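Protein chains in written order, with the working numbering: chain A, 1 to 109; chain B, 1001 to 1114.
Incorrect hints may have been included.
[As the list claims (entries may be wrong)] Capping the alpha-carbon separation at 30 angstroms, the derived lysine-lysine pairs in DSSO-like fashion look like this: (1) K1014/B with K3/A; (2) K1041/B with K96/A; (3) K1041/B with K1066/B; (4) K1064/B with K1014/B; (5) K96/A with K54/A; (6) K3/A with K1041/B; (7) K1014/B with K69/A; (8) K1064/B with K96/A; (9) K1055/B with K104/A; (10) K1064/B with K1041/B; (11) K104/A with K3/A; (12) K1055/B with K1066/B; (13) K3/A with K54/A; (14) K69/A with K1041/B; (15) K3/A with K1066/B.
Derived from the structure by calculation, the hints contain no laboratory data. From a predicted model like this one, the values you see are computed outputs, not experimental measurements.
If you want the building blocks of each chain, they are given just below.
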Amino acid sequence: LAKTTQPISMDSYEGQEVNITCSHNNIATNDYITWYQQFPSQGPRFIIQGYKTKVTNEVASLFIPADRKSSTLSLPRVSLSDTAVYYCLVGGGYQKVTFGTGTKLQVIP
Amino acid sequence: GAVVSQHPSWVICKSGTSVKIECRSLDFQATTMFWYRQFPKQSLMLMATSNEGSKATYEQGVEKDKFLINHASLTLSTLTVTSAHPEDSSFYICSAKRGVAEAFFGQGTRLTVV
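I would like the entire structure built from these sequences, with the hints used as guidance.
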């Protein structure tokens, strides 16, 4: 399983765009990159998944460079309700789903 | 996204008793389910992986006789914490996958052993 490295924490003001980068140097050819959001005392919630280039949905964008050794989750115009822990996972297929340390995002009014 | 339901949301039990936690995939058939434990301010720690109809695969350091996992159908997996002790108090979370699709998570169960 590819190991991931993320910043432990980030602060952002409301209304700003937030970019959280995840490093995964030993990503395998078949691996996907998936991001989850977790609020206290809740299970993680799926945000977005991608394999290469750029993926966008109604809540976020995911940027993946050509070498796929890193990825960036972009949250447009964050609000206080986006304060949470964000996890970057690498794997997929029939592999087990394991979590790294995650990034604690604090949105400031 | 798909819905995974966990029950109960919280439970308090006496030391030495057993507690069962259910995990159901409500709108899809889950070929694989995972069980996690999460301590305060820490990440999720994978305990075991279960596939329908076969024995669960436990992660290193997780006692299979203490944490009994049953995946009897494609929509239900259960985790039984046997002879619970205060150190087993934690937040337990399940997730479910259908084939190679992304995993979806239950809302978690807060277990307190007194």
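Going through the numbered hints above, which ones does this structure break? Give me the numbers in ascending order. The structure conflicts with hints 1, 7 and 9, although it agrees with all the remaining ones.
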